[in-house]
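Novice: Spelled out from the first residue to the last, the chains are:
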Amino acid sequence: MDFRDDVLPLKDKLYRLAYQIVWDTAEAEDIAQEVMIRVWGKRDEWAQLGSMEAYCLAAARNLSLDRKARKESHHAVLEPEACGRADESADPHARLVGKERMVLLRRFLRQLPEKQRTALMLREVEEMSYKEIADALRCTEAQVKVTLFRARQKLKQWFEEIEGYGL
Amino acid sequence: MDCEKDIEKILERYWSCATTLEEEEALRRFFRQRDVPPRLEKYRPWFVEASLWKEVEPGGGFAQRVEEAAASRPVRALRVTFRQRMMPLLRAVAVVAVLLAAGVAAQYSLDGGGSPSGSGALAGSVPGDTQVVRREKPSALVNICEGSGQAQGQVRDSIPAVKGIAE
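Chains as they are written, first to last, in this note's numbering: chain A, 294 to 460; chain B, 3 to 169.
No lab work stands behind these hints: they were computed from the structure. Values in this document were obtained by computation on a predicted structure and should not be read as measured data. Backbone N, C-alpha and C fix where the C-beta goes; we use that ideal spot for every residue, glycine too. Mixed in with the good hints there might be a few duds.
[What the hints assert, rightly or not] Calculated lysine-lysine pairs in the DSSO-like style (CA-CA distance at most 30 Å, straight line):
no. : chain 1 : residue 1 : chain 2 : residue 2
1   : B       : K7        : A       : K392
2   : B       : K11       : A       : K438
3   : B       : K44       : A       : K392
4   : B       : K11       : A       : K449
5   : A       : K408      : B       : K44
6   : A       : K306      : B       : K56
7   : A       : K447      : B       : K44
8   : B       : K11       : A       : K447
9   : B       : K7        : A       : K449
10  : A       : K447      : B       : K56
11  : A       : K392      : B       : K11
12  : A       : K424      : B       : K11
13  : A       : K304      : B       : K56
14  : A       : K306      : B       : K44
15  : B       : K56       : A       : K392
16  : B       : K56       : A       : K361
17  : B       : K44       : A       : K438
[To be verified] Computed spacing ranges between beta-carbons, pair by pair:
no. : chain 1 : residue 1 : chain 2 : residue 2 : range
18  : A       : Q446      : B       : P90       : 56 to 62 Å
19  : A       : E338      : B       : V97       : 25 to 31 Å
20  : B       : P39       : A       : N355      : 50 to 56 Å
21  : A       : N355      : B       : R15       : 31 to 37 Å
22  : B       : K56       : A       : P406      : 21 to 27 Å
[What the hints assert, rightly or not] Reference listing, derived: stretches of chain B covered by chain A, where coverage requires no fewer than 3 residues with Cβ under 8 Å from a Cβ of chain A:
no. : segment
23  : 10 to 22
24  : 56 to 63
25  : 66 to 75
Chain B extracted, bound-state conformation (with noise of 0.2 Å):
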């Protein structure tokens, strides 16, 4: 009696789509038993047929027929063009020009540029490079300075140089 309510409980589970691949061999097993409640009776075609199908086949002989057929299938040989052969070796090409052109610039970088002198340092340098520019801050600052007050006093001794003229 209680196989009969579980077996009622999945059935209706089994029509709303909410049961498991277990639970609907369970089923069909149940209505495949001679002993079917009368009130179930009505869905015991269905669960028999699913079972009846699992027995259809192919005729006798298909499976060595269609071995025949893929062994006497001829290999298609396959057409590889001279693009195709030759990419792997444009591939590894390219990787080497990559690599190569890391390397230099980064050689680069490391000897300041290719520039002579350390002044150029900071000149040469990558904007945004603090570290150069702090280090090299306090001696620019100087310069600007120096070179400021040496125009300062050219100007100053100019100005009667320029009076005379004007005068």
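With the rest of the complex left out, here is chain A (with noise of 0.2 Å):
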């Protein structure tokens, strides 16, 4: 067992779980870090805890609504730089609009519920399948498609909606 071959590669994923909760870089960074050594001082019981990785998720995503729920942040909503490049487009107009929908989808998922939210970026960011996601949110696997499906829904009638506005 090491740390830095069986924890450290976590880092990523607990961190990118924790911001879209918490929306705090620092905090975010703070719950990850805890985790990892948490789970690290607990190695003497990781042949019971089943999958590490889902075990490490859980415990970052209670952490961070515990934190979340203890002291709302302030923080404004993520802006397109925060995340790299905005939008690739060759024309200044459509960058500008593609930059302007980034901002308005971000804002929309910040007001999606936490559960979705959290489905949401474990399957399209982390790449995980049901399982492993039903493993980190401690539900079953029809209960994640469930949640994933409402999620894409809301999404897929909000792009609806924003071409309605003519954006």
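Since each chain comes alone in its own frame, lean on the hints to assemble the complex.
Specialist: So, in structure tokens, the structure goes:
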């Protein structure tokens, strides 16, 4: 068992999961660090944990929700720059519209129920299977599918509405 | 054109949560390219967003900080009670006791239940031991018949004496 090989590779996933709940980079780093150190302290019990990644993600989610409940973050909406490039359309107008849509999309994502947003993120960003997401969210695969279905339907509906507004 | 139709089909299945991870990756690849058909352009921000999220990582030096924190974490000594320490020994003693009891019971039944005479085989045998019952049944019946014959003879002999006493 080695911290660098077994625990540290999870840092990005844990950070991203925590970040989309607390919306605060320092807080998300703190949560990811705490989870990794906690799981390293429990290395004698790893055999009983089943999937260590699912355990860490569940712990990070719970910790993030606790911290968020204790102290609501006042950080601004995630700006496109915070995630790197915005849109690579060649046309400046299209780029502007794309950037505007990105900001609106992020605002919409923040308004989604936390479970739907987390399930979406684990599927879209971390590319996890339904089973892995179910393990991380401590629910059944069927519940994950329902949660994702609702989130995607809302997303689709949102795109239709945005188009209707002419954006 | 066919590619566009395929993408539209996959997209429909995507909103219904019926796509595989590979198909979802194909969608992300498609929307990352510059030439997206105008009617699908509205969905581009979502798939670009998912790609951008992958670039969200903790700040520089985070990994090193966590490693140092994990290394400096004091190792907690496990407290083992006397009872926990003795548990393997107690288990071994219990297993030996069970084996001994089973051995003694087997020996006892093989020795005919400790009865000195052979006739005790029937009496000492376990009810339902059909072999013993079958073996001993004829002699037992003969004994019963002989016994009842002798009893009848004794009763017959004693009748005159009883009559005499009555008179």
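Novice: Tell me the hint numbers this structure goes against, listed in increasing order.
Specialist: Violated hint (a single one): 20; every other hint is consistent with the structure.
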